[in-house]
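Protein sequence lines correspond, in order, to chains H and L.
All residue numbers for the first sequence refer to my numbering, where the first residue is 136 and numbers rise by one.
All residue numbers for the second sequence refer to my numbering, where the first residue is 124 and numbers rise by one.
Don't read these hints as lab results, they were simulated from the structure.
Check each hint, because a few of them may be wrong.
[Claimed, not checked] Here are some chain H residues the structure puts well away from chain L; computed CB gaps all over 10 Å:
(1) Leu143
(2) Leu149
(3) Ala155
(4) Asn165
(5) Asp171
(6) Leu187
(7) Thr196
(8) Val198
(9) Met200
(10) Ile204
(11) Ser207
(12) Val211
(13) Leu213
(14) Leu215
[Stated by the list, open to error] Residues from chain L shown here face chain H by an in silico Cβ test under 8 Å; the list is partial:
(15) Leu305
(16) Ser308
(17) Ser309
(18) Trp313
(19) Leu316
(20) Leu327
(21) Val328
(22) Thr329
(23) Ile363
By construction, the Cβ of each residue, glycine as well, lies at the ideal position given by its N, Cα and C atoms.
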Amino acid sequence: MTFTLYSLLQASLLCLNATALLHEERYLKNIGWGTDQGIGGFGEKPGIKSQLMNLIRSVRTVVRMPLIIVKSIAIVLLLLFG
Amino acid sequence: MHSADAAAGTARQPSKRRVPVSQPGMGDPHQLFDDTSSAQSRGYGAQRAAGGLGYPAAAASPQATFLDDPMSNVAMAYGSSLAAHGKELVDKNINRFIPVTKLKYYFAVDTMYVGRKLGLLFFPYLHQDWEVQYQQDTPVAPRFDINAPDLYIPAMAFITYVLVAGLALGTQDRFSPDILGLQASSALAWLTLEVVAILLSLYLVTVNTDLTTIDLVAFLGYKYVGMIGGVLMGLLFGKIGYYLVLGWCCVSIFVFMIRTLRLKILAEAAAEGVPVRGARNQLRMYLTMAVAAAQPLLMYWLTFHLVR
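Could you put the whole structure together from the sequences, leaning on the hints where they help?
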């Protein structure tokens, strides 16, 4: 019931997984969050939406490979130890 | 963040107060800790000599029998060379994983700083100048400037909080040793969540700030002091004492965080008190208020179950 470091780890794994799952072509483009749709002018500072889109794209790129490994380990451990 | 600082450095220079280099009592500006090695070794040398004279006979005999065997000589020499090699390896690589030199800055405190900082945490209403002093572009060590963040108080306060939580639960017959680990883990998890949330919002709002992660951990760790005060008062005087002291500490931490973060997150003009219009500044103000408002909430959440 208490909020421990282990539950934070589990929650962050699930959230990262959810962010990495957002497919660029099938989903993000349909709701207007594709990365080629929001680029503003060069001079002005990027708004929150474009920062968010950049963040999602970077998370997807960086996290995809290690996430597969971590998820496999988590599946094996959860199967073995419940 | 530092390159952005350098670019904006010329515009920001008038507002950073430069400490004059020839300040008495500061010595080498890049030296964080006083050098007490010579005085210490002299003192210890004298002590050891006096102690050694008293026990020559007792020390000689067991040592003589142990070292007679040449194999143990070789073993000792090999063991000590292994240990030295391992220590050398750790020393070379430790900086890659934990930024030791950066951390040392946050622990360069002395008793007066700790006393005044604790006073500031409980009563920040009369303090006028909240800006951190700089010396040649590096912030001054905490022992010379009360506004500088440190990690000593948050670390000590965290450990004290865990112990006080154990004490509080013990007085209610709810104590068991693993509860200490649970409390520590819970507080650390909330701290990590706060740091990640604030870093994420700072990224989304594109704030050009020199607020480092360790700075943020230090500022967020100051609330443990108020929590300890509240729980101790709750133990002594029951719920009324707990609510009174916790309320006072919550308001103090709120004011403290707003006044400290205002200088770090808001634009220069706004930080000096002149209200600057514009959506961007408004967003930053909301962010500061949200961070400051989260502190009392967390202080209550982490302590209310300890006081019955």
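Query raised in the report: Hint by hint, which ones does the structure fall short of?
Result: 1, 6, 23
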